[in-house]
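Number of protein chains: 2
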Amino acid sequence: MKPNEGRSRVVIEELKPEIDGGRHAAKRIAGDRMRITAAIYTDGHDHVAARLMYRPASEKVWRYAEFRELGNDVWEADFLADSIGAWTYTVQAWVDHFGTWVHDLHKRIDAQEKPAAAPATVFDLPGGAEQNEAINPADENTVAIQDLPGGMTPATRRFMTSNTPQSDVALAFRTGAILLDQASARAREGDARTLKGTASSLRYLAERNSPYYDFPLNEDAIALCLQYPDLNFATVYERELPLWVDRERARFSSWYEFFPRSAGFVAGEHGTLRDAAARLPEVAAMGFNVVYFPPIHPIGTAFRKGKNNSVVAEPGDVGSPWAIGNSDGGHKAILRELGTFADFAALMQAAQANNIEVALDVAFQCAPEHPWVRDHPDWFKIRPDGTIQYAENPPKKYQDIYPINFESNDWRALWQELYSVFAFWIDKGVRIFRVDNPHTKAIPFWEWCIAEVRKTHPEVIFLAEAFTRPHVMYGLAKIGYTQSYTYFSWRTEKKELTDYITEITTTPVADFFRPNLWPNTPDILPGFLQTELRTAFAQRVVLAATLGASYGVYGPAFELCDHLPAKPGSEEYLDSEKYQLRIWNRDDPNSLAPLLTALNRIRNTYAALQTNETLRFHAVDNDKLIAYSKSDGDHTVLTIVNLDPGAPQAGWTELDLLALGVPFTGAYEVEDLLTGAKYPWNGSHNYVALDPEKSVAHILLLRRATLSESLAGESTED
Amino acid sequence: MKPNEGRSRVVIEELKPEIDGGRHAAKRIAGDRMRITAAIYTDGHDHVAARLMYRPASEKVWRYAEFRELGNDVWEADFLADSIGAWTYTVQAWVDHFGTWVHDLHKRIDAQEKPAAAPATVFDLPGGAEQNEAINPADENTVAIQDLPGGMTPATRRFMTSNTPQSDVALAFRTGAILLDQASARAREGDARTLKGTASSLRYLAERNSPYYDFPLNEDAIALCLQYPDLNFATVYERELPLWVDRERARFSSWYEFFPRSAGFVAGEHGTLRDAAARLPEVAAMGFNVVYFPPIHPIGTAFRKGKNNSVVAEPGDVGSPWAIGNSDGGHKAILRELGTFADFAALMQAAQANNIEVALDVAFQCAPEHPWVRDHPDWFKIRPDGTIQYAENPPKKYQDIYPINFESNDWRALWQELYSVFAFWIDKGVRIFRVDNPHTKAIPFWEWCIAEVRKTHPEVIFLAEAFTRPHVMYGLAKIGYTQSYTYFSWRTEKKELTDYITEITTTPVADFFRPNLWPNTPDILPGFLQTELRTAFAQRVVLAATLGASYGVYGPAFELCDHLPAKPGSEEYLDSEKYQLRIWNRDDPNSLAPLLTALNRIRNTYAALQTNETLRFHAVDNDKLIAYSKSDGDHTVLTIVNLDPGAPQAGWTELDLLALGVPFTGAYEVEDLLTGAKYPWNGSHNYVALDPEKSVAHILLLRRATLSESLAGESTED
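In order, the protein sequences belong to chains A and B.
Residue numbering for the first sequence follows the numbering used here, starting at 1 and increasing by one per position.
Residue numbering for the second sequence follows the numbering used here, starting at 1 and increasing by one per position.
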């Protein structure tokens, strides 16, 4: 079977980014320049030309961007992704016959045998006009023809006996005239006239049949013709690839988690949404831009968990917020003790007033009294004895929770109802959702649900709490999750931090996966933080806030260095807020709030820390010191952290000066953004000593102004 | 838009090999086990199961192979590609509810509280049969129930008061019974009965409501149920991927090129196909399995090139065989001086008798008198003066050659005629084609043409002479070329050899690209061989024959170390056979024929050298010594070459013992297959000295028998 068009000679391959053969969308942020590379080639020595075709998915008409050749048949193009939502892109390429002709003509012209000097003379221009030829001062053997029509160069040529047979060059002029005529047939009216004029001039020159010609066309004439390529045999890449463009907060976010029920101001009293609203100014003052609340819905009573996850609740025990639903309602209701929808609206207003966004927790599981259980028992697994299957990981039983059965015959209605939970809270103003254990719900559901939400609300951000296997974590990111929790919580050694952070911030993973680094969560008190060393907490949050453009803390517990596990070997907190009210002494003089405030101030001030794209690790000759930098147009931030919370560590850096934009030799100044101290540094090797009692890290600013000065006369990357 | 089936919860990703999103076929050899890996996962903790679906493209019915999990959600399967031609494969995966149930049941059983000892007793079996329970000697607290129906284990359980509510285990038995019943509904009749029986037994056990159970099913019962999975919600990978299976010669081939017209036995007389046939026994005796002839067609007379590529031919000059076509015919005719089709048939018979295959050269370009020029001027480019465009690379002109215009409006007829050239020679018995400059012909044409040939002749092999840019070389391999020339001809240093050979023999490139290494060709006398040092030639052919499962030489010129270039800086031969007859003194005592013979003997004897899959480079502490090994089931061949043709070189090896299958400590013996010398070696570090005057290389055999002995008690890779 021959193809419909066998004359499409250009091959387009290796389009990047392309995730799983175009199955999934690459991710970018509005305002990013989206860079695409591709291998583009054809047979023989013909030139190829290519353009990127791209458009917001909502538009029909393609936009175009030019490709530049990088060498070895690899090309690149970019475009400004100037609005959030779905985009699509592909590549069109064709044999550039005119470009090939220009290239070959240059070689033909150069190869002419230069004739002996001859006197200047006069000849007729096509329009019948007559001009004096002026001697070209640069070469008195050539004669300039000024102001030829159609963008021709001040061509120079020689008049010899004209009885010689038509030269290769003259023949090439006639070929060029045909190409120009063809382009003119495709051109807009004014351009068409110009192209035709140029063609006529070429024919005129060819007819004069001179033994020597200079190159006849100027850059404008060439550029004009290249604007009207023959696309009849153009190749279009076989797939249109998807791109998803998010708003800025998808890339740069600082999360603070707290339990509204522990937000109260009176010991022993159940906190409310009003209390939570009252806490927002201090969270905002610490510089966070997202505040995240565990579920605020009615909590089941059957099999309610008691304090410290006891299987029997005492009277007055408040239960786990993740055991959602009772006779007051389910995922679209608010726990009575927390307040009303009016209170929630007030909370949202307070957030807006404090310039902080509210993230709600979506945990798709039901307490036994959840309305869904009553109305849709077929959305759950029914056991042979007629009871509904509770959550379990045999032999462990979680009888306070019913997992949803995504193989329900009624899956369409189920999906619709789950989607409606998001729609409900979006209607109440929420634009960020932290999704609980998304990896235990069907992945095709998430793909549909996230797309469905984004149809009307492309600004919504989904954070996947998926501390699960790498392929599953990445899979959830591919099908639409905006951000993801990571294994950072357990990576504490230099090598494993370097390897892991490199993996998740480097393409191709970085094209679809956006890490959000958490030193702790209500579910995870890592072994490294089960220590009385406040410096361990400080170290971990410096790492999170400077390695990750997005990071978060389970706030009060973190600030106050809550470090006692429920039992030895457990990562659960003792007296966990998950099962009881807690009172946090926010005035504790040992609180890490000042450090969090400083970190967020630095993050908010220096755009370098608001992206992972420029992250580079630098060597230090001490395994307890880790160094890495991020840069933007104006500044480089170089962070060096003492990974040993218990002892001072010192060493010599071996900086990648090119990545830093630092001169290869000579002095420069670094300023510690945590302390304000300034240090005179020199070249790649600098001595660093960090006593955790004083400071767990240097966060060093290298100003471009400083660099430019010291770079005078030096080579730099940029 | 919800999907048609939202309950297909398994994700299948990263299927390998997959070339350009399935656009191109992976390549294997008949008899290979085709290994496929994929990432396969689902939500939650449910188990998944998967099977590879594969079939020859000519068959409708899928065959299946089981996947094995390698860990971290990566799975592998393989199948025997037992016939040449097109195959297709994809993956099907599903949630394995029965497997999950078995896994969970084990955990439930293990978690039971072990009751106190109780007396053995007797109970009724489902069929009403009654058996004595025997005390299990291993644990006198358990009681064995022998010979339960349906593949149940000799289950042991305990009888206590039976008033406790139904236990989790009993409930799980009832769930299992449902799964078994469902499987029985999908099963063949006999199996269905067995599965139903097992289900009944589980229900029977559940009804006894014992407080303690042992695991009730044996491996057979489990395996039987797993044979009948519920595929209603199975996921099938979104693409069916192509595989092309070639015959053995596609991977392992030793090519010898010579010009029939120089095969004559009388100086100055034009050689014939009969002469070429007479030369075959000596080529076969050297151990080559492919003999390749430059074009044997009529040669143009207009603008015929003279000796040493002179633009003016003298009377009697024979012209270039690549300037195809004159009034005697074109690509389907034989040059009159070479003989007749009867002579060609005799040549083919001689080849068969000598167990060597004939490869013909297909060069799609025409001399001005080629019949296509007369009959189809529209298959060529017409210049504005009405003449046909000859080949040129301005300012160079090749007026003896007209290139084909693949943008001809008549491209369909053109393609058909070009295809018919292959069909014509296939009809004459040819099964291997070396294609001249395929990168100057339209790539879509090749893709169609090769596929068209293979529809009826899947055994045909195409070698691409594409010394062009890497993407183009790889592109031609992707669209179907069986083998390709490479840049080996110019890679002479250890690092560049190591890097380049690694690139072209390692996946993903090795999945579609099969290198054929040539130290020289009639077009390429590399600078490295422009030397009087015979050792340079020896070194290069040892490298080619041991690095490449396929290699070739432009024979007589190579054997006789023809090393004079047409002019300084040129890679053309002086007095090149391309433009004149040559007489080769095949009896020259300095001929490299004995070395070629030895190399081919080794290649033909040791299968390790017949594939590139196992190639590993080993370190030597001298940059002039390169070492690498290949292995098969029985032998490892370790080659060490002195890259300096002018001086002895010595050094210490640092062998990758795991790759060699050599013991980490202790002695072993290596045998030089070139000299027969044996050396006692020990561990990784061994001293090697190569004096090129004596030998440019060691080709060392490590016998598995030897290894096994010395490996006794050692760990090895296999």
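Don't take each hint at face value.
In this list, chains with the same sequence are indistinguishable; a pair is considered to hold if it fits within one copy or across any two.
Only pairs whose alpha carbons sit at most 30 Å apart, straight line, appear in this in silico DSSO-like list of lysine-lysine [stated by the list, open to error]:
(1) Lys396 with Lys107
(2) Lys2 with Lys307
(3) Lys196 with Lys381
(4) Lys396 with Lys567
(5) Lys495 with Lys396
(6) Lys114 with Lys494
(7) Lys114 with Lys16
(8) Lys196 with Lys694
(9) Lys307 with Lys396
(10) Lys114 with Lys397
(11) Lys624 with Lys678
(12) Lys107 with Lys2
For the record, the hints were derived by calculation from the structure and aren't laboratory data.
Taking the hints in turn, this is what the structure says about them:
no., hint, result
1, Lys396 with Lys107, "between (80 Å within a copy, 10 Å between copies)"
2, Lys2 with Lys307, "neither (73 Å within a copy, 42 Å between copies)"
3, Lys196 with Lys381, "between (76 Å within a copy, 23 Å between copies)"
4, Lys396 with Lys567, "within (17 Å within a copy, 84 Å between copies)"
5, Lys495 with Lys396, "neither (35 Å within a copy, 58 Å between copies)"
6, Lys114 with Lys494, "neither (68 Å within a copy, 47 Å between copies)"
7, Lys114 with Lys16, "neither (48 Å within a copy, 59 Å between copies)"
8, Lys196 with Lys694, "neither (77 Å within a copy, 72 Å between copies)"
9, Lys307 with Lys396, "within (18 Å within a copy, 89 Å between copies)"
10, Lys114 with Lys397, "between (94 Å within a copy, 19 Å between copies)"
11, Lys624 with Lys678, "within (23 Å within a copy, 52 Å between copies)"
12, Lys107 with Lys2, "neither (37 Å within a copy, 60 Å between copies)"
In this structure, the hints that do not hold are numbers 2, 5, 6, 7, 8, 12, in rising order.
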